[in-house]
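Top line first, the protein sequences correspond to chains A and B.
This note's numbering runs 1 ahead of the 1-based position in the first sequence.
This note's numbering runs 674 ahead of the 1-based position in the second sequence.
It cannot be assumed that every hint is accurate.
[Stated by the list, open to error] Label-pair distances were calculated between CB atoms; the ranges are:
id, chain 1, residue 1, chain 2, residue 2, range
1, B, K878, A, G479, 20 to 30 Å
2, B, L952, A, P358, 50 to 60 Å
3, B, D978, A, D394, 26 to 36 Å
4, B, D978, A, G479, 54 to 64 Å
5, A, Q140, B, N953, 55 to 65 Å
6, A, Q140, B, T701, 43 to 53 Å
7, A, R228, B, E704, 19 to 29 Å
8, B, L975, A, D394, 18 to 28 Å
9, B, L975, A, P358, 30 to 40 Å
10, B, E704, A, R292, 20 to 30 Å
11, B, P915, A, I356, 12 to 22 Å
12, B, V951, A, D581, 30 to 40 Å
13, A, D581, B, S982, 34 to 44 Å
In short, the hints are calculated from the structure, not lab data.
Even glycine gets a Cβ: it sits at the ideal position worked out from N, Cα and C.
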Amino acid sequence: MSLKAEQTSPAAIKTGVTHQMTGNEAIARGAWEAGVKVAAAYPGTPSTEIMENMGRYPVGDIKAQWSTNEKVALDVAIGGSFAGVRSMSMMKHVGLNVASDALMSQSYIGAHGGLVLIVCDDPGIHSSQNEQDTRIFGQFAQVPVLEPCDAQEALDFTKAAFDISERFDTPVIVRSTTRISHTRSPVMVNERIMPEDRGFNLDVTKNVMVPGHARARHPKVIERLERLAEELNSSDLNRLELGSSKIGIITASMSYVYVKENLPEISVLKLGTSFPLPKKLIQEFCAKHDRVIVVEELEPVIENTIKSWGLKVEGKEFFPRIGELSPEQVRISFEKAGVLKPEVTSYAPQFEPLIRPPVLCAGCPHAMSYTAIRSLDVRVAGDIGCYTLAVGDPLTAIDTTVAMGSSIANAVGMYLAGYAEKPIVATIGDSTFIHSGIPPLIDAVYNQANITVILLDNHITAMTGGQENPGTGKTLRGEQTHKVNFEEMIRACGVEWIERVDSYDAASMMQTMREAIAYRGVSVLIADRPCVLDPVKIKGPTMKVDQKDCNACQGCMNLGCPALLWSDEWYEGRHIVKIDPTACIGCSVCAQFCPTGAIQPSVSLDRKGEKAKVCGSKSVGEC
Amino acid sequence: MTKINKVMKATTQPAVRTAVEKLNPDTAKEPINVLIVGVGGQGVIMVSKVLAQICQNLGYQVKQSEVHGMAKRGGVVFSHVRFGQNVWSPTIPMGKADVLIALEWAEGLRWMNYLRPDTGIFIADTKRIVPPFACRSRILGADIGYSKNTPSDVREKVAEAFAIDATEMATKAGNERAANTLLLGALSTTLSFPDDEWKNVIGKMVPPKTIEVNLAVFDKGQVWINRSRKGEPVEGGAFVPLVQPEINSVRTELSITPEWCKGCDICVKMCPERCLVLNKDQVAELAEPEKCTGCHICEWLCPDFAISLKPIHQEAVA
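Please work from the sequences and hints to get the whole structure.
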């Protein structure tokens, strides 16, 4: 059973009743209800679906777009705010690092039209390079941080964020987490209410951050936070549930539901914001309880602030600073704190779990690219995308991966360090290249580095599930637009050696890569093949292994293709290989590596336009 | 070549309980927890969406939590569905799942510790999706790196365990991808929801062309569990054990005649195990003999016949 494609616009669903929604769908809905007009984002798990949903609201309501990176997205939203409309930008936690330059200044500027950043953290590092805590960024930028605990709050808090943004003249961060963004729960939806148009803000002392203006704005930042903290003491963003006076829990976000799961009757102060904190409310709560424990995921943000006021609270001595919380982790921590009696249940796995790491798809063009790279024995500076998976066995073809767009400049640094043992190669995907790979490429040419850049162009932003980007020539809503010409762009950066090669052509890939590496200076090889999943799921006639001809050399298995498996047959103690026809897409790369010619198409290649015949166990020639 | 084809009967399920009480969110004190697991692309999320929709239609609070991201890349997929009068955590605490639905055999085993040890019900497709990682060992006669546990191992640990050949049954019914609906049928026997509600929601959520086959396999899943509980014979194949380790491995010794080698590098580049190198004299050399599997590729490809492989003994390799 597969899912029927959803047709109806989310704007048309019935209001005043509850719907099952993910946190991300609820955030998009909340923004729409709040009258948001400009929205821009760069995809990043777990935030991607917010923009995908915004793109399904009527085009007349929201101007929604994929931007080239998170800083561009935030700047677009800031422009919308200058022009007086409610604007929003969404990103994953590490996306805020990219956007932070704009955020730090915008904090002083404030918000004319409501300005909201949705930032989705990834505690537990389900699909990221770290688990940084965005709440600390809120403190650093002096920008309020709202923390919903479920989809309903995700909607409500998004709306509240626009209200706070306009009333307190500040950008506001709504911080979600993977668990909130990807959990479906009931949500009450309402009508869209458009705020009054504020018109363009002409006050340059507020809009233009030159030193004189900025000095005057800084005190206003401090003052607005104090006012907001005061208001939060009586805000309904917080939830106070009083029980016994022995133990009180202060918590926020998803941690709240884990506390309730384990201790439904305990006294809880659930905070709606983690910055700024409602001081008076917390002081009163602490005074009412003999012992107060702070339960929060990742860093002790709330705990440390409360401690800085001289109040005695506990927290991180029982709760981990690392990873995602869960009902059982919270239970274990409460047991450690002496709040719950130890439970006998063992959480140990009953059977040895099968190792099933994520892998590149069957037919993934990156598999061939990295097979070629590995055969050349080079140093590889990697980047962020599906292709980061080439670090694992059997491709083992990446030496470093830092952050979006880091590869090229990392390679420049390796060259400057005088590293000469092996040639230096940077690998970067098309969307990542547009995101932040162009300035380092210009840097490499400008500073005359001797490196090879392999641009893995799979015509989509694949890792996050297939989003359009300027290299695809389509917008968020699927409309045709200008398509970046990579060769022209790279040539304009000053690169003189550029070649485009079909990633599925093993011989050309290896030969051209050798030439690229031999070139002194910056060479760029574009490995060109669309992703097999998006925008179109590719499925061609499959390949099959003739069990009689396979000598089980395992050469094809070095591709790490999930369609290549061991059959039940052996040859001299080695497994004969078979191909899973449901997984194989017919890319033919494995056949190009087979020294015995045992891998052949499973159908005859039809020349007369007749329907292709499926071969039996006989070889293709006999079909 | 040895192929041991020992087949174990998995489908003759001993009747554990004759009158099984269905899980009912109206009478349950805690939320009812259903954990659905599998591998990317199998339709795990679809199963949980149908269940959540039914719960919502019947007026229960329901939370459904899953993690995307790497899932598309052949990784592990799981979806927690919790429903009842009041649900806090969207994830099921370990040891509290009432039913575990596995669309893939080893994935079912992975999540066993989430099942309630006393009353948990285990329903799994016997389908194996072998990850590339399981086929990595280059030791002669090496085992496939896939779980060896059988349905009888599972039965020792939980109240009820059902190993259904769902993919095979769905394929026979006309659509392999309907295996998840068959498991929904199996799941429906454990819950108090009316059949009409299940079929109504499935009918609305699947593409119109596939409604018929989906409803047909839903019934098959129900019948399978009901018959199995009564100890009656059921449809589907038997649980086939994995291929056994090979005992007739051939160990070889590789020798290179340096005078004949001109350093063309072909063997070095084509060796699947990358155990050959060109030494300082530009002559091929077996740098890591322990990695050589004796595949003969270098011997065949050498234009100068400088490489030869000879078997050293034909005995069993441990």
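Consistency of the hints with the structure:
1. Under the hint 20 to 30 Å, the C-beta atoms of B/K878 and A/G479, about 26 Å apart, fit the expected range.
2. The supplied range of 50 to 60 Å is broken by B/L952 and A/P358, whose beta-carbon atoms lie about 33 Å from each other.
3. The given range of 26 to 36 Å is respected by B/D978 and A/D394, whose C-beta atoms sit roughly 33 Å from each other.
4. Take B/D978 and A/G479: their Cβ atoms lie about 58 Å apart, and the range 54 to 64 Å holds.
5. Distance hint check for A/Q140 and B/N953: the Cβ-Cβ separation is about 60 Å, which falls inside the suggested range of 55 to 65 Å.
6. For A/Q140 and B/T701, the hinted distance range of 43 to 53 Å is satisfied, since their beta carbons lie about 48 Å from each other.
7. Roughly 44 Å separates the CB atoms of A/R228 and B/E704, a value that falls outside the hinted 19 to 29 Å.
8. Between B/L975 and A/D394 the CB atoms are about 25 Å apart, so this pair conforms to the stated range of 18 to 28 Å.
9. A C-beta distance of roughly 32 Å is found between B/L975 and A/P358, which places it inside the suggested range of 30 to 40 Å.
10. Between B/E704 and A/R292 the CB atoms are about 27 Å apart, so this pair conforms to the stated range of 20 to 30 Å.
11. Remark: the range hint 12 to 22 Å for B/P915 to A/I356 is upheld by a beta-carbon distance near 20 Å.
12. At roughly 34 Å, the beta carbons of B/V951 and A/D581 sit within the given window of 30 to 40 Å.
13. In this structure the hint that A/D581 and B/S982 lie 34 to 44 Å apart at CB holds, the actual value being about 36 Å.
Violated hints, listed in ascending order, are 2, 7; each of the other numbered hints is respected by the structure.
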